[in-house]
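*Asks:* I would like the entire structure built from these sequences, with the hints used as guidance.
One line per chain: the protein sequences are A and B, in this order. Number 38 in the working numbering belongs to position 33 of the first sequence; there are no gaps in the numbering. Number 361 in the working numbering belongs to position 252 of the second sequence; there are no gaps in the numbering.
FYI, nobody ran anything at the bench for these hints, they're computed from the structure. Just so it is clear, the structure is predicted and the values come from calculations on it, not from any experiment. All C-beta atoms, glycine included, are put in the ideal place defined by N, C-alpha and C. Hints should not be assumed to be uniformly reliable.
Claimed, not checked - DSSO-like cross-link-like pairs, simulated, lysine-lysine; straight-line CA separation at most 27 Å:
1. Lys297/B with Lys400/B
2. Lys484/B with Lys340/B
3. Lys297/B with Lys47/A
4. Lys50/A with Lys297/B
5. Lys390/B with Lys44/A
6. Lys564/B with Lys44/A
7. Lys390/B with Lys400/B
8. Lys394/B with Lys357/B
9. Lys599/B with Lys80/A
10. Lys80/A with Lys600/B
11. Lys564/B with Lys47/A
12. Lys564/B with Lys50/A
As the list claims (entries may be wrong) - Some chain A residues judged to face chain B by a derived CB distance under 7 Å, without partners named:
13. Ser69
14. Ala100
15. Ser161
16. Lys163
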Amino acid sequence: MSEKSGEGHPALRPGELAFTILITLVAAILLSQIGEQTKFYKRLKLPTQPGFWPALSLGGMVLSGVILSITGWLKRRRSAPAGSDLEEIVFIGRAVEFMLWFMVYVWLTPWIGYLAATILFIMCLAWRAGYRSLPVQGLCAGLGLFVVLLFKSFLSVKIPGGEVYTLLPQGLQTFMMVNF
Amino acid sequence: MDLIFAALDQVLNLHVLVALLIGSIGGVIIGAIPGVGPAVAIAILLPATFSLEPIVGLTLLLGVYGSSMYGGALPAILINTPGTAVNAMTTYDGFPMTQRGEAGRALSLAYSASFFGGVFAIIALVMISPLLAAVAPMFGSREIFLAALLGLVLVVVTHRGMHLVSLMLVCFGIFINTIGLEPVRYSKRYAFDQPWLSSGIDLIVVVLGLFALSQAFLLLLERDGAPHPPKVKTGMLHGLREVLRYPKVASSSSVFGILMGIIPGVGEFLAQFFSYSFAMKTSKKPEQFGKGSPEGLIACEAANNAVPPAAMIPMLALGIPGEALTAMMLTVFHVHNVIPGPTLFQDQPDFVVALYICLLLLNIMVFVFLGLASKTLLRIVQIPTRFIGVMVLTLSFVGVYSLRNSAVDCLIAAVFGLFGLILRRLNWPIVPIILGMVLGGIMETKLRTSLPRLKEPLDLVSRPIAAVLFSLIVLALVLHFWALYRTWQKKRMG
Numbered sequence: 006m007s008e009k010s011g012e013g014h015p016a017l018r019p020g021e022l023a024f025t026i027l028i029t030l031v032a033a034i035l036l037s038q039i040g041e042q043t044k045f046y047k048r049l050k051l052p053t054q055p056g057f058w059p060a061l062s063l064g065g066m067v068l069s070g071v072i073l074s075i076t077g078w079l080k081r082r083r084s085a086p087a088g089s090d091l092e093e094i095v096f097i098g099r100a101v102e103f104m105l106w107f108m109v110y111v112w113l114t115p116w117i118g119y120l121a122a123t124i125l126f127i128m129c130l131a132w133r134a135g136y137r138s139l140p141v142q143g144l145c146a147g148l149g150l151f152v153v154l155l156f157k158s159f160l161s162v163k164i165p166g167g168e169v170y171t172l173l174p175q176g177l178q179t180f181m182m183v184n185f
Numbered sequence: 110m111d112l113i114f115a116a117l118d119q120v121l122n123l124h125v126l127v128a129l130l131i132g133s134i135g136g137v138i139i140g141a142i143p144g145v146g147p148a149v150a151i152a153i154l155l156p157a158t159f160s161l162e163p164i165v166g167l168t169l170l171l172g173v174y175g176s177s178m179y180g181g182a183l184p185a186i187l188i189n190t191p192g193t194a195v196n197a198m199t200t201y202d203g204f205p206m207t208q209r210g211e212a213g214r215a216l217s218l219a220y221s222a223s224f225f226g227g228v229f230a231i232i233a234l235v236m237i238s239p240l241l242a243a244v245a246p247m248f249g250s251r252e253i254f255l256a257a258l259l260g261l262v263l264v265v266v267t268h269r270g271m272h273l274v275s276l277m278l279v280c281f282g283i284f285i286n287t288i289g290l291e292p293v294r295y296s297k298r299y300a301f302d303q304p305w306l307s308s309g310i311d312l313i314v315v316v317l318g319l320f321a322l323s324q325a326f327l328l329l330l331e332r333d334g335a336p337h338p339p340k341v342k343t344g345m346l347h348g349l350r351e352v353l354r355y356p357k358v359a360s361s362s363s364v365f366g367i368l369m370g371i372i373p374g375v376g377e378f379l380a381q382f383f384s385y386s387f388a389m390k391t392s393k394k395p396e397q398f399g400k401g402s403p404e405g406l407i408a409c410e411a412a413n414n415a416v417p418p419a420a421m422i423p424m425l426a427l428g429i430p431g432e433a434l435t436a437m438m439l440t441v442f443h444v445h446n447v448i449p450g451p452t453l454f455q456d457q458p459d460f461v462v463a464l465y466i467c468l469l470l471l472n473i474m475v476f477v478f479l480g481l482a483s484k485t486l487l488r489i490v491q492i493p494t495r496f497i498g499v500m501v502l503t504l505s506f507v508g509v510y511s512l513r514n515s516a517v518d519c520l521i522a523a524v525f526g527l528f529g530l531i532l533r534r535l536n537w538p539i540v541p542i543i544l545g546m547v548l549g550g551i552m553e554t555k556l557r558t559s560l561p562r563l564k565e566p567l568d569l570v571s572r573p574i575a576a577v578l579f580s581l582i583v584l585a586l587v588l589h590f591w592a593l594y595r596t597w598q599k600k601r602m603g
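*Replies:* Below, the structure is given as structure tokens:
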């Protein structure tokens, strides 16, 4: 479980200090909202107040974040991290593209149905990832079908049928709604 | 005897056996794919198990959990890349054995040691079950609060060199869990008048984002690669015989695995670390460790495979998950209204024994499967990383969307995916967030229900078990600060 257990003090990584400061700032802003966003009742002991746990957790984040920021800044003064912060931000920014791919898949499913959306998604994403040969694209279509059969047809997970299914004849419509 | 028959009655059901078979073989395959791991697989499968019977759903997840370590040893030994994070130390001696042309022997040893560790832990747990049934009812709200607190303290102190990061992430997890309606007076917290925040942020959405989506993003962004492992010939019986030639190493490592599994918040890595160090200290050939020592390999694999059965103890007996995987499994219990906790061992002992039988069966199934299919598994290691990324992203959709058919959940998961990617790039741990969410929720409820019954704050630790737990918390903190002081002093001395 402990991914990092057993390691010594690790060196500062690119972007680490900026990320720590960002988290600390967000936590501090949220902590400043404690009075508005939680309730503190009269005559209740502090640990039983609804606002106690958010205050404790945000306070802990701010405290540890401030110490981490200071130690990170001192580490950075001693030796710069291997790699630039900007390169790291660009790398993380590239993941936004795949976030958008994922959200398009989410948006498409209720319209064209789980089966079509899944096959389309796997084939297009595999194309984008560099797998463009016909056999691999065929394999992707097969895998898409397998995923839908496994989860929707056999395990009956709750994924609604596509809007497009309403255009089908009644018998086929029900079959598609239930299985794909 | 009646108890065993009642448990067997639950297990010897076609659905359970099929779930066990799929879970255990699926777990080996998932474990063998570098970069996926059981957490991703369980997170994806979790919502699919909600429609199944509790024992069937749990068996499926248990199969994945219990067998992934077997599969994780395969790439660790053959290509020096652990399939799961907990197989990291397997590379120390496994890969050097492969380099000197003993890949088959290393795999047989690893599988046999895993089998030994798993079976040893299950037998030990069956033996201590009556004791657990007697002790568990002594845990009231304050004891459960202190046990959860001990778990969080251990999560922070066991992340060496990352204590403050772990503390911050634990606090972040506790905060996420407080968003929405609070559990006692039902007032809103940090909902910002947004309906989608009022119902809180679902644990599964966070888990899928942090584990599955972040891993998919990482796999899609990294350079594509398809390793080519050497051809191997395994002899499982020969491996088992060799493990039995080192009974001290195998059994002491299994004991370390059991202990580390029982203590909430510790887990496989420390079990491996302690058992490896202990085996090296007590070995007649310590110089071979790290250069292909069979003892080192046995120590790692026996220890990490003894953890899953033991990790079920705090979850079943107290309702406290000791790690991210058992935290996910806890949600399956709650969905089916089977509430793990002190009364489970008394009210449904057959259910608990059935789970242990399932664990035993899965170890046997996996051992046989690996004996027959190791060569086929080599092909799985060769799947290109980006293609795995495509599949993980596709499967993550099922996990998130099938929860509530909510696009907002998917967006939250995607944002947590991005957050998880940053954590992975920084080498920050993800597990403290999950444990903060789960244990933070337990701590709040238990403390708020027990405090009004206490006259003085010291009454919180007045009962024997509460006092023991409190002493353990103090001891963990004292030892931690002492170790920090010693490190600081050593640095100062130069």
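*Asks:* Each hint should be assessed against the structure and marked as holding or not.
*Replies:* So, going through the hints one by one against the coordinates:
1. Lys297/B with Lys400/B: violated, 58 Å
2. Lys484/B with Lys340/B: holds, 8 Å
3. Lys297/B with Lys47/A: Satisfied, since the Cα-Cα distance of roughly 17 Å is no more than 27 Å.
4. Lys50/A with Lys297/B: At roughly 19 Å apart (the allowed maximum being 27 Å), Lys297/B and Lys50/A satisfy the hint.
5. Lys390/B with Lys44/A: violated, 56 Å
6. Lys564/B with Lys44/A: The hint holds at about 24 Å.
7. Lys390/B with Lys400/B: holds, 15 Å
8. Lys394/B with Lys357/B: Given pair Lys394/B, Lys357/B holds - Cα atoms ~14 Å apart, limit 27 Å.
9. Lys599/B with Lys80/A: holds, 19 Å
10. Lys80/A with Lys600/B: holds, 15 Å
11. Lys564/B with Lys47/A: holds, 19 Å
12. Lys564/B with Lys50/A: holds, 12 Å
13. Ser69: With Cβ-Cβ at 4 Å, under 7 Å, it holds.
14. Ala100: holds, 4 Å
15. Ser161: Nearest chain B Cβ about 5 Å off; hint holds.
16. Lys163: Holds, because the Cβ-Cβ distance from Lys163/A to chain B comes to roughly 5 Å (cut-off 7 Å).
Going through the hint list in order, the structure does not satisfy hints 1 and 5.
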